[in-house]
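Chemist: Now for the letters of each chain:
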Amino acid sequence: MGHTLLQKVWDLHTVRTLPTGQTQLFIGLHLVHEVTSPQAFDALRARGWKVARPDRTFATVDHIIPTRERTRPFVDVLAEDMIAALERNCRDFGVRLAGLDDDRQGIVHVIGPELGLTQPGLTLACGDSHTSTHGAFGAVAFGVGTSQVRDVLASQCLALEPMKVRRIRVTGMLPSGVYAKDVILTIINRLGVGGGVGYAYEYAGDTIERMSMDERMTICNMSIEGGARVGYVNPDQTTFDYIKGRPFAPAGDAFDRARAWWTSMASDRDARYDDDVVIRAEELTPVVTWGVNPGQSVPVVGRVPSGQEPAVAEARAYMGFNGGEAIAGMRVDVAFVGSCTNSRLSDLREAARIVSGRRVAPHVKALVVPGSASVKRAAGCSMCLGMNPDKLEGSQVCASSSNRNFKGRQGSPTGRTLLMSPAMVAAAAIAGEVTDVRTMITQASGTRSLKPEA
Amino acid sequence: MRITHIEGTALPMRGDDIDTDRIMPARYLRAVTFDGLERHLFEDERTGSAAGDKASAQHAFDNPRYAGASMLIVNRNFGCGSSREHAPQGLYRAGFRGVIGESFSEIFFGNSLIIGLPCVTAAHDDIRRLMERVEKQPDARIRIDLQAGTCEVEGFTCAIALPAHARDALVTGAWDTTGLLLDRYAEVDRVAARLPYVAGF
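As given, the protein sequences belong to chains A and B, one line each in that order.
All residue numbers for the first sequence refer to the working numbering, where the first residue is 48 and numbers rise by one.
All residue numbers for the second sequence refer to the working numbering, where the first residue is 12 and numbers rise by one.
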């Protein structure tokens, strides 16, 4: 009987079984950012500990980076304090930092892959729940809290419980206008926001295999929205081609040796899974969330559910929607393309393709925030979580390419978020309301092209 | 510190899938310490907030009948979403010493355990009964025995569950893991040395 990638990586990184029965797991790469690390560094100081493996630790700034005015010191003193603390901590503890003026700076889950730090077969930790993104490379990546950041800084290890593996096979061709974002929103809708608790999700099948690394990252990113702390895709030629030539990637003969090892870490054909799920790509449509968790979504041609279950009724009340109302045609005030889910170059290109030759509706505030400095200057998390000045106001409705539609998530306690693909966000920005992007795209000789503007 | 049982009055916080953005809004993560987080629990849905002021019912955290509670009773998938430890830190600093619910998100569970805040589960019907009991009689004292796996409230007893590793960590006082992980560091070096990406391809 073969093994899954998760089992292979887990076994190889196991230090020992702790007296509590947990596994002490070595962490191959620790990514650090300004929001969840200051208390952890302070704990090290208080106990006189060093960072165990500065060579396996890399820091950047992202969560609170202002999108517009980036001159130091920031006008916002709290943001300035946090950035200054990270700079001081990295200096004191010898941790590499891609700071504000570094051309490598960006959202931690965008730059890890861009720099070639994220590689197949390694274990990775970061004080952010969307760390699952790095699983797109066949890494086993854990989102952790600040005390666990402290554990990793001090010992390069985590105390963890073994996980089960659910394979999610996506098969067939995705229709035009349907993207990786629609695939993961559909998975979360079908399996539930708590359905993945205790599991790692292995995304497989020919649809996933044909996807670019950017698309795989979008899928793995939102594993946590389905309750799965870890999500991954087995490494293949697409993965290797992406990594090759990146600053921290092995080069020359070392790359060939690395590729052989990476290949050996992929799940075996006869691996046993704790659960198996199949999703038919041909059946998928663009998806939009209507509620206050990422599982509350409908196809763009669908309607807001009219059920009376407390969770459904509560979400509907918060959103101000009526049961049975069509989701298409819902007016939007803000359109946001960004976040660690969808702020990569391919996402921006896809949105740009929709916008090209058209104008944003006059009442819509459109915001595009690239994921990293190499994508564009002014990179950061921005309106995904409202920690910088980019926030919704009052009960504005935002068409957003981010990952969470929780109450208040985008910075206004009564703000409303509709999650969708970057292309759907672009379509909503143009129309000023939720719109089926497929009506803006025509299929021409196998490639996607835009309908001329009416 | 060994944690073998939790005792005190409770606060029922109804609802499935309560995420950490609700428990601790992101703007309070803009600080280099956890100090004062207890003042901002569920802030955007309590009295004084736009959503709280138009809500039909008083928020459980605003209800003076539950003042001084040291236990939180919740429903399904509590603490989902963001990995911010600020959520359990806020609860702990507000005086909560245990959470009992139908289920928890994995990251929230781990973040709570590592600061000595046990999250234990009980069956759906038992949680319903506990909530009803506490809503009727907020001064009822609940006692959770982690070793025996029981929850008792004045004549009503139900079973609680906790993964063996978490129970052992709490009752032996090994929930603050850093010391444990540093204990035999030579073994960490040995594992690192056998990894091709650390040793060099």
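Don't read these hints as lab results, they were simulated from the structure.
In this text, a Cβ means the ideal position worked out from N, Cα and C, and glycines have one as well.
Hints are not guaranteed to be accurate.
[What the hints assert, rightly or not] Label pairs and their computed distance ranges (CB to CB): (1) B:R140 - A:R396: 53 to 61 Å; (2) A:T64 - B:A78: 51 to 59 Å; (3) B:G106 - A:P209: 48 to 56 Å; (4) A:L125 - B:E143: 36 to 44 Å; (5) B:G184 - A:L125: 49 to 57 Å; (6) A:E329 - B:G47: 49 to 57 Å; (7) A:R293 - B:A151: 38 to 46 Å; (8) B:T44 - A:R237: 36 to 44 Å.
Chemist: May I ask which of the numbered hints given earlier this structure violates, with the numbers listed in increasing order?
Modeler: Violated hints: 2, 3, 5, 7; rest satisfied.
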